[in-house]
Structure formats: structure tokens, C-alpha cells
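Numbered per the numbering used here, the sequence shown spans residues 3 to 255.
Everything labelled a hint here was simulated from the structure, so no lab data went into it. In this text, all values refer to a predicted model and were calculated from it rather than measured experimentally. Please note that a few of the clues may not be correct.
Each pair of labels, with its calculated beta carbon distance range [unchecked claim]: (1) 28 x 246: 22 to 32 Å; (2) 140 x 113: 18 to 28 Å; (3) 238 x 28: 35 to 45 Å; (4) 54 x 163: 41 to 51 Å; (5) 53 x 157: 31 to 41 Å; (6) 66 x 162: 32 to 42 Å; (7) 244 x 31: 18 to 28 Å; (8) 179 x 53: 27 to 37 Å.
Dumping the calculated BS3-like pairs for lysine-lysine here, alpha-carbon to alpha-carbon at most 25 Å [to be verified]: (9) 170 x 152; (10) 203 x 170; (11) 253 x 213; (12) 54 x 213; (13) 199 x 253; (14) 20 x 208; (15) 40 x 18; (16) 203 x 253; (17) 54 x 20; (18) 213 x 229; (19) 208 x 40; (20) 40 x 152; (21) 199 x 54; (22) 208 x 229; (23) 40 x 54; (24) 20 x 253.
Glycine included, C-beta positions come from ideal geometry on N, C-alpha and C.
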Amino acid sequence: MNIEEIVKPENLAYAKSKTLTDAPMHYCPGCSHGTVHKILAEAIEELGIQDKAVGIAPVGCAVMLYSYLDIDWVEAAHGRAPAVATGIKRTNPHLHVFAYQGDGDLAAIGTAEIIHACNRGENITVIFINNAIYGMTGGQMAPTTLLGMKTATTPQGRQANLNGYPFKVSELMAQLPGVSYVTRQAVHTPGAVRQAKRALKKAVEKAYAQKGTSFVEVVATCSSGWKLSPTEANRWMAENMLPFYPLGDLKDN
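Model the full assembly from the supplied sequences, consistent with the hints where possible.
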């Protein structure tokens, strides 16, 4: 078989999504962000919405997301992505609008923004990366940090009487009438990656069909913040985070 036959479309097993740029990703080894970017790019391409997709990237590890996906982007202030997405979607209802936020961004400074956008039922997709820590700013405790988990600001482990309890954001969003779809996924295994991609595509389609807000949580790793190797981080997440943040659909109207 010569090279011309190998590269024929019918012989192609895999190719990089055309929605991904050629910019090298800056994430730490083992970080879940890169995998989520990849499946988000593939979902956008497979849905055929590259020319109608607008992403909102706020402060945090994902702040450079606009360098990696070849779509229109708007950068938002810390925690304000749902508000910016609301304005864009209301003035341009033909667009597919999504916000991409970490747990420190969405579940801390952005709590009011996400709750009210979801409660209003804004027809946007929210992608929420939950790695239970502030990854970019030094590994501090996040709202989603597990009890007993050690961080830069909880060196003895998170204590409920001192630091409060971990915030289960998806469970809260599922209670709001304006939210049509809530799912919690992960990308630590090939099977999980495939399921997360299906959930992303479903979320985008439901939001565009004016069913209300779609909320996709991705339980993620932070090898640097957790002080673990990529392999150890995946194992720790599966053993500790997934029992507390179980995967699957929480709401599907």
C-alpha cells in the first residue's frame, strides 16, 4: 500500500479536529484541560457549528483557551462568563454560546453569576472544570476541595468546622427550573472521554434548541496542584473524587 492509499478518507482512522489550532498547549502534564479542549473542538466540528460558536474564557488555567480553538472568543472578568454569555446569546440568538470555567472561577467569585444565569434559563452551555483546587494561583483550597484534602491553604486538610463543606455545584444547578440538562463527566479513561464528548454535544444541542441552560461538569485532575504524577492523579481522582462527585446525568428535561 502506497502513501496515497493510506491517506484516503476511507482509510483514515483519526485526524486532528480542524477546530483546533496549531498552538502548542501550555498545560501541565496530565492536566485534564487539554483533553476537554480536544473533545470540545471535535464536538464543534461534528455539529458543524464552527462559524456560529462563541466561547467565553475567563480567568484561570483556561484563560488561554482562545488560542487553541479556532472560533470566536470573548474574555470575561473573573467569574463573569455567564453574564457575558447571556448578553451575547440574547443579542445573537442564532449563535452557539458557551462558557468555560474552573471551580475557583465558577463556584467562588462567580457563584452569583452562574446561579442567576441558570435560574433565568439562559440558552447557553456552561462547561465547568472541577479539579478541587486553585491550579493557576498556587494550589489553594477551592469551594470543591474535598474534606481532608491538603492544599496550600489547608496544609492539615480541609475541615468542615473551619473551611465549610465541599460545594456540589451540579446538584444545586439541577434544582433550578431554568436548567434543562445537567451532567457530570470525566476524561481519565478512553471510555470516559467518549462519554464526555457525547454529553458535550447533547448539551450544545439542547441549549441551541432553547430548552434552557445546559450545565456540563467535568471532574478533572491537577497533577501540579495535587503534587502527584499524571498516573497517580488519575488514580487519586477515581478513588477519592468520583465517590463524592459521581458521574452521570443529574437532570435531562
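Structure versus earlier hints - violations, ascending order: Going through the list in order, the structure violates hints 3, 5, 18, 20, 22, 24 and respects the others.
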